[in-house]
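K.L.:
The chain contents come next:
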Amino acid sequence: MHPFSLEPVIGTVLRVGTRVATAALAIGFILSLMPGAAALAHAMLAAGIGVLLFTPVARVLVSLVDFVLGRDWLFVVLNTIVLLLVGSAFIAAFR
Amino acid sequence: MPSPVDALMTFSMGIVSGLLGGMLGLGGGVFLVPFLILGLGLKFQAAAAISLFAVIATSSAVTAARAGRDLINLRLGMVLEVATAAGGLTGGLTAQMLSSSTLQSLFSILALTIAIAVLRRPHDEILPQPANPGLLGGIYRDERTGTSFTYRVQRLPFGLAASFLAGNMSSLLGVGGGIIKVPVLVTWCGVPMRVAAATSALMIGVTAVSGGVIYLGRGALIYELAAAAIIGTQIGSAAGLRLSARTHTRKLKTMLSVVLIAVALLMLIRGS
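Going line by line, the protein sequences match chains B and D. Reading the first sequence from the start, the letters are residues 1 to 95 in the numbering used here. Reading the second sequence from the start, the letters are residues 96 to 367 in the numbering used here.
Only chain B is shown next, with the shape it has when bound in the complex (with noise of 0.2 Å):
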């Protein structure tokens, strides 16, 4: 059996990192509406952005490991193409 229960990490991971994201974002919108911030606005912006778009690959991050650990070899096949055409699409956006 799998060394730890993956769905309560999947929870934890993606709860954290949605309010993390939507803190950063929170307060960069704030920022944004005052002057002389505009700066320090785009960057907590920007930060916020860049954690939400990591939460979901974190996600599959964790149970690649999950299922390497498990040996599970069919899913840590899955996962990596998963994570594969993920990095593709951040190539492909920013080359």
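Because the hints were derived from the structure by calculation, they are not lab data. Misleading hints may appear alongside valid ones.
Here are some, though not all, of the chain D residues that point toward chain B, as calculated from beta-carbon distances under 10 Å [stated by the list, open to error]: (1) 148; (2) 151; (3) 154; (4) 160; (5) 177; (6) 179; (7) 244; (8) 252; (9) 253; (10) 256; (11) 304; (12) 305; (13) 311; (14) 319.
Virtual Cβ for every residue (Gly too), placed ideally from N, Cα, C.
Place chain D on chain B using the hints.
P.N.:
Same frame as chain B, but now just chain D:
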């Protein structure tokens, strides 16, 4: 820099989109995209970009809230995710090759077809219960009635095809794609409604990242409006989840069909 009025409108629609998304197992993008285009006069790409990021946030929050309640079929999700991620990537790349009116019309036809299919089968079929759920099936426990039953995943190729198409539509139209996957999983693959919704929401995060990052790289994302939409959807989806626990499955399916038809007509009008 968008005006505070625009930001407030975006925030409000984010709440409504998140509410309906949380209740129906959709990302809520189907509401946000038309609103941003019709309400704020944004270009399609700008609306789709904001919507995709709101969809990522909704998917993550909704899945976090559901995790540990045996609703998400992780194995099925991870199989279908390969198809949605591939669809998301190719959809993002082909976004410029096809006209948006062509895509909107295509989406309308597809959404109408699925809506009819769901309406024709208004409740879960009571299938003979298999002795074991197989590699991808599971045991579903209804929280209201306390009963549980075993299901196997049937016609996996249908689920994979729908997931690929959903991923494609996600990137092209700025939606989550649950609107395509959930009815197919329920109607053709024998997955219980709530499991289909929870599993679809899990996949939508990664799918929307594949599409969203391409819009971000192209500079199509307006950060301030995205922030307003995301904060709104977070509030809305939390409320939507609470409501969905009290809504009956039959009502949920009828709502899903009505939403599908409404979106299809809206897209058809805009696309023509």
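K.L.:
Are any of the numbered hints broken by this structure? If so, which, sorted upward?
P.N.:
7, 8, 9, 10
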